[in-house]
Structure formats: C-alpha cells, structure tokens
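Starting from the known structure of chain A, fit chain B onto it as the hints suggest.
Chains A and B supply the protein sequences, listed in that same order. For the first sequence, our numbering begins at 1 and goes up steadily by one. For the second sequence, our numbering begins at 1001 and goes up steadily by one.
The set of hints was computed from the structure by calculation and includes no laboratory data. Treat the hints with caution; some may be incorrect.
[Claimed, not checked] Some chain B residues close to chain A (C-beta under 7 Å, calculated; not the full set):
#1 L1050
#2 D1129
#3 I1131
#4 F1132
#5 I1135
#6 T1144
#7 I1155
#8 T1159
#9 L1209
#10 A1212
#11 F1215
#12 F1315
Just so we're clear, the structure is a prediction, and the values are computed from it rather than from any experiment. Note that CB positions come from ideal geometry on N, CA and C, so glycine has one too.
What follows is the residue order along each chain.
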Amino acid sequence: MMELLLMQLSNSVIPAGLIAHQASTTGSLLSDKIGFIVLGVIVGPVLLLTLASIIIEFRNKSRIPALFLGAFFLLIGAMVAGFAAIGILLKFVIPQ
Amino acid sequence: MDILARRASSERATSELLRPLLRTGRGFYFLIAALLILVAWFLYAWYVQLTQGLVVTNMRTPVGAAWGGYIANFVFYVGLAHGGIAIAAAIRLLNLHKYQPVARMGEVLTIISLMMAGLSIMIDMGRPDRIFNIIIYWPERVATSSLTWDVTVIILYFTMSACYLWLTMRKDLALCLNRFPKLRFLYKILLIGYKPGEEHTINRMTWWLSIAIIFLVVMLSGGVVAWIFGLLPSRPGWFSALAGPYFLTAAISSAIAAIIVVSAILRRVFHWQEHIKTEVYSGLGTFLGILTLFYIYLIFSEQLTMNYAAPLAEFLISVKILQGEFAIIFWPMLIIGFLIPAMTLIIQGVRPKWFSLTRTVTASAFIIIAFWVKRFLIVVPSLLRPLLPFPEGSYSPSWVEWSIIAGILAMAVLFYVAFLKLFPILDLSEE
Chain A
1 MMELLLMQLS NSVIPAGLIA HQASTTGSLL SDKIGFIVLG VIVGPVLLLT
51 LASIIIEFRN KSRIPALFLG AFFLLIGAMV AGFAAIGILL KFVIPQ
Chain B
1001 MDILARRASS ERATSELLRP LLRTGRGFYF LIAALLILVA WFLYAWYVQL
1051 TQGLVVTNMR TPVGAAWGGY IANFVFYVGL AHGGIAIAAA IRLLNLHKYQ
1101 PVARMGEVLT IISLMMAGLS IMIDMGRPDR IFNIIIYWPE RVATSSLTWD
1151 VTVIILYFTM SACYLWLTMR KDLALCLNRF PKLRFLYKIL LIGYKPGEEH
1201 TINRMTWWLS IAIIFLVVML SGGVVAWIFG LLPSRPGWFS ALAGPYFLTA
1251 AISSAIAAII VVSAILRRVF HWQEHIKTEV YSGLGTFLGI LTLFYIYLIF
1301 SEQLTMNYAA PLAEFLISVK ILQGEFAIIF WPMLIIGFLI PAMTLIIQGV
1351 RPKWFSLTRT VTASAFIIIA FWVKRFLIVV PSLLRPLLPF PEGSYSPSWV
1401 EWSIIAGILA MAVLFYVAFL KLFPILDLSE E
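With the rest of the complex left out, here is chain A:
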C-alpha cells in the first residue's frame, strides 16, 4: 500500500487518485490471519495422515499407536523444555 502511495506522489503519469483510492479500500485476503491458513494447509494433511495410521491400528488393538503418540508428545515436550534449559544456561554466559 505504501509503495502505491509513494508511486502516486512520484509519478504523475499514473492516475494517482484512482490508485490512492484503491490503496485505501483494498485489503489482501485475511492478511492478519494468513499464518493460520498456511499452517492449516501444512499441518492439517499431516495430522490427518498420522491420525489415519493411528486409528486403523488402534482398531487392531495394537500398542504401537499409543507408543508412537507417547514418543511424539515426549519429543515435542523435550524440545520445548530444551529451549527453556538452553535459555537459562545461556543467561550465565551472556552479560546481562
């Protein structure tokens, strides 16, 4: 938007009024929520496929899906805890 406004100030050939009007009234599709769309597109199918693999085997009364889920959440938890631990540890090294 800012670019368009600068263009209309610097170049009189461009129909400045029209562009300025468009810039003020046009917004991109869900620009403030685009991240949810992107992550939905990526994480959604992955979760569906993973769930498909788990549900089918849960029906077969296998313990592997439970183990997989356990490992999955354990690893994510470990990573989050790891971030916290590294942050705390580095506080001792970096002058505060």
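Only chain B this time, still in chain A's reference frame:
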C-alpha cells in the same frame, strides 16, 4: 547340515552389518580426537560471540549484510535434512527395495541435519538466551510471521522423522539386544513395549507416515523455508513465486548428494560392497544429475527475469552476482559445482559402462559444496543493497563465523559417528 550352513552364513552377514559396533580401530580414535578439537574450537568461538556480541562477526546493519554464513548454513542443513527421510519414505511407498541399504543412513542424516539447522539459527540470534520467547510469543506471532511458521514446521518435521526412525529401527534393536550387553540399557528403553511380530503393524503405520513425511518435505523446503525469503517484497532478489520450487530442488539435490557421499564412505570403511551394490549409486547419481540440471535451468530462469526488464534493484543484484564482487564464486559454482558434475552423472546414466563410483562420489561432493555456496549467494547479495540511502556494504565471514560453521560440520560428523557406534546403520532384517 544345510540349515546349519545357512545359519552360519546369516550370522556372518549380520556380523558384517554390525561391523561399526563390533570393531573400533585406531582410525576411529584419531577421527574422534580431531572432531572433538574442532568442536572445542567451535565452543570457544561461540563463547567469544556470546560475550562480545555479534560485532565479532562481519554481519552489519544497515550498511552490510544482517544475515550471512549462519543463515546460509541453516538453509543448507534444512536442505540436507530432506533427502534421507524422503528416500526412506519413497522406498516404502514405491517398493524401491534396491535403495533399502541407504535408507537408514539417510534417516540419520535427516535428524542430525535438522539439529544442526536449529543450532545455526540459534547462533545467528543476537540474544539466544531469549530463545524461549519463540514458545511464549508463538500464539501472537503465528498469524503473520513466516519465521514462526518455520519453527512450527521444523519441530513437526523433526518429531515425525525421529519417530519414524525409532519405529523402523525397533526390530533391529531387538536383534541386537543380547549381542551388546553394554548397550542393553539403551536398547531396552528404546524397545519399550516391544513384542515380536510388531513389524507388520509398524509397516502399515509407516506407510501412512511416509506420505505425511513426503508432504512435509515439500512444504518445508519448498514452502516455509523458501517463504522466509520469497515473501519479502522489499528485498530484491528474494521476492519471487519461484522460491518454493527453487529451494525444494536444491534441498533434494543436496540431500541425495550427501547420501551418496556418506554411504560411499561407510561402504568403503566397513567393506559393505556386498550389501550396498553399485547400482544404488548409479540410480541415485543419474537422478541427482537430472535434478542438478533442472536447478541450473531454474538459475537461468531467475537470472533472465532479473536481467530482461526487471526493476532496477533486481537488475543490480543480478549484476553483482554475474559480473560484480560475487562473480568470482558464482561462475566456479555454476560450472565446476553444478554443470560439470551434472553432465558427468547424466552421461554415466546414459552410458552405464562408463559408470565409476569414484567419479560419482566426487561429482556429488562438488555438488554439495556448490549448494552451500548457492545458499550464501541467495542470502548475502540481496542484503548488501541498502533500502534507505546508505552506502553499499560488503560482507565476508569473520574467523568466528568460519570457526562456528566448521564446528557445526564437525559436530554433525561426530553425532553421525556416535550413532554408528551405538545403533545398526544397515537394516539387519533385510538379511
């Protein structure tokens, strides 16, 4: 008698496959010592950076490049992380059993490369002690920040890959349980809940997971990593819809090249010529050659767009790369790093009697180096052009940056060697 002979033969084959765990030569200790020295040097360099700040690097803003070798390193390792697990998943989905021996080597490469990518990013941060803010502010950043999407997808990819590796390794760990008493404790933890015959369930589950992982490969390297650059309109040279395919091709090519090099080294060191046939390298090499050639086409396409009638800023970035200060690394990268190796690999594919393993590995090694250089050329030249009326800066990594980049590589090799000494790297159940 026949049964006894078959059992003896199977036992011999298993011992061959477990060679890294059974034998420890003098070379191993030399290698570990050398890697530890490099890692210690890396820790010292990082300590210098942590205590004195990023001023010890040559990254500067607003005059100069705010991102440099570390970010190039990050993109490079994310790329390496793709081939391994993608190959393993493709083998499972498409029944490409010929490539099975290199599958786990690739899976391990994926896990270690992702760790090194994360480390590269952490080192690039001015205040890595605030790293937990990534988690704290995740909910309010995720709507608009492409960096937050990156963190999310990388964590998901790492978790999926690690779980995939763990599931597919369980049968082999069960086979090794009684063979290595010193590692029994570790194996028992990883074999929690193990029941003989669970492989059928695991095979069915990993089939679905393979599809999920291949999808993640496309959306990570061809998606969120590429979009860190491709979505920024203010940076000439980055803003492009081509970024996704461009990064994805680079990622898969560099990863296949890395698998060729790593597996060829292991094949030679552990005398696995019978288990990893040359056809594996012939197939991977031809595919790598074609992909690299396709990447050259993408480079041409990008440079043509930047030169034909592009905005001035885009054109000037292209001039910087093709004729300016970066030409000295661009042209050798293009010709020696991409074109000659790609043509060599393709010619070998067309004329199988010209195939040479040494040539294939050498070409792959050149391609890996060229892809690191390419990542550097993606990151740096665009940043050197200031957005406001400041003079143009210059950038070449400082000794701290080179030390850290070398140390990260040493750490990756160290982790790989540690895995070799702890777990079977070849699929024992195939024998």
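How the hints compare with the structure:
Interface hint status for L1050/B: upheld, as the beta-carbon distance to the closest one in chain A is roughly 5 Å, under 7 Å. The criterion of a C-beta within 7 Å of any C-beta in chain A is met by D1129/B, whose closest approach is roughly 4 Å, and the hint holds. Interface hint at I1131/B: satisfied, since its Cβ lies 5 Å from the closest Cβ of chain A, which is below the 7 Å cut-off. Interface hint at F1132/B: satisfied, since its Cβ lies 4 Å from the closest Cβ of chain A, which is below the 7 Å cut-off.
Proximity of I1135/B to chain A holds as hinted, the smallest CB-CB distance being about 6 Å (cut-off 7 Å). A distance limit of 7 Å between C-beta atoms decides the matter here; for T1144/B the minimum to chain A is near 6 Å, and the interface restraint holds. Here the hint on I1155/B is kept, as its CB sits about 6 Å from the closest CB of chain A, short of 7 Å. A hinted interface residue such as T1159/B counts as satisfied when its beta carbon comes closer than 7 Å to some beta carbon of chain A; here the least separation is about 5 Å, so the hint holds.
The interface hint given for L1209/B holds, since its Cβ lies 6 Å from the closest Cβ of chain A, which is under the 7 Å cut-off. Hint on A1212/B holds. Least Cβ distance to chain A is approximately 4 Å, under the 7 Å limit. Because the closest C-beta pair between F1215/B and chain A is about 6 Å apart, less than 7 Å, the hint holds. Restraint check, F1315/B versus chain A: the minimum CB separation of about 18 Å is more than 7 Å; hint violated.
Of the numbered hints stated above, the single one contradicted by the structure is hint 12.
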